[in-house]
Amino acid sequence: MVEESEMRNQRSLIHLVVLLVLSVVCLSACAGKSASSTFYVLSSLPQPTLNAAEGTTIGVFPVAMPEYLDRPQIVTRVSENEIRLDEFSRWAEPLKESFTRALVQNLSSLLNTAKIIKTTGGTGIPVALQVGAEVVQFDGILGGDVILIVKWGLFEAEDKKLISAKRSYFKEPTGAATYEAFVAAQSRAVAALSREIAEAIKARR
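Per this note's numbering, the very first residue in the sequence shown carries number 3; after that it's consecutive.
You may find that some hints are simply not true.
What the hints assert, rightly or not - With a straight-line Cα cutoff of 20 Å, these simulated DMTMM-like cross-link-like pairs (lysine to aspartate or glutamate) come out:
#	residue 1	residue 2
1	K120	E136
2	K98	E182
3	K204	E182
4	K117	E99
5	K153	E174
6	K117	E174
7	K153	E136
8	K162	E136
It should be emphasised that the hints constitute simulated quantities derived from the structure, not laboratory data.
Using the sequences provided together with the hints, build the complete structure.
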């Protein structure tokens, strides 16, 4: 009887040790598979080969962003007054940099000229026209719509005379409840803004 009891105790102890080892292995595996971040940038329109020697040089100021968007996490909207920041879906660079570059590249494509440059308004390459833009809203709902509201202006570079100014509103459906689809819709909204600004520049020419 004593021997049987000892054997049962030994088997129970072995089972306990096995369970503890398996638990440690599982915890280590879970820790090793922690979620990693995905990084995104805004895309631009297709870029053809352009002639840098022709056309008017146009400077685009860095786009101004509201503080709620000036962060690495992608911002989505839950309701009119609530936003969500996703720690694992992030911008690969500051959003204002990605937005400005996409705008410059889009205008180059739409106006068929390489003489669209980012400018700060100081000394450097002389420009004839300047474009300034301030984003008011640039967010949306996953699986819903992306909203872009932006105030922009076109100026004579020499005397800062205002040629055109507008507060524009764009809505783009995401088509899917993913961040990839969300950023693609944001890129289309920037392209729509670029077309509007390009038309104002063409009218000035």
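### Query
In ascending order, which of the hints set out earlier in this document are inconsistent with the structure?
When the structure is compared with the hints, numbers 3 and 6 turn out to be violated.
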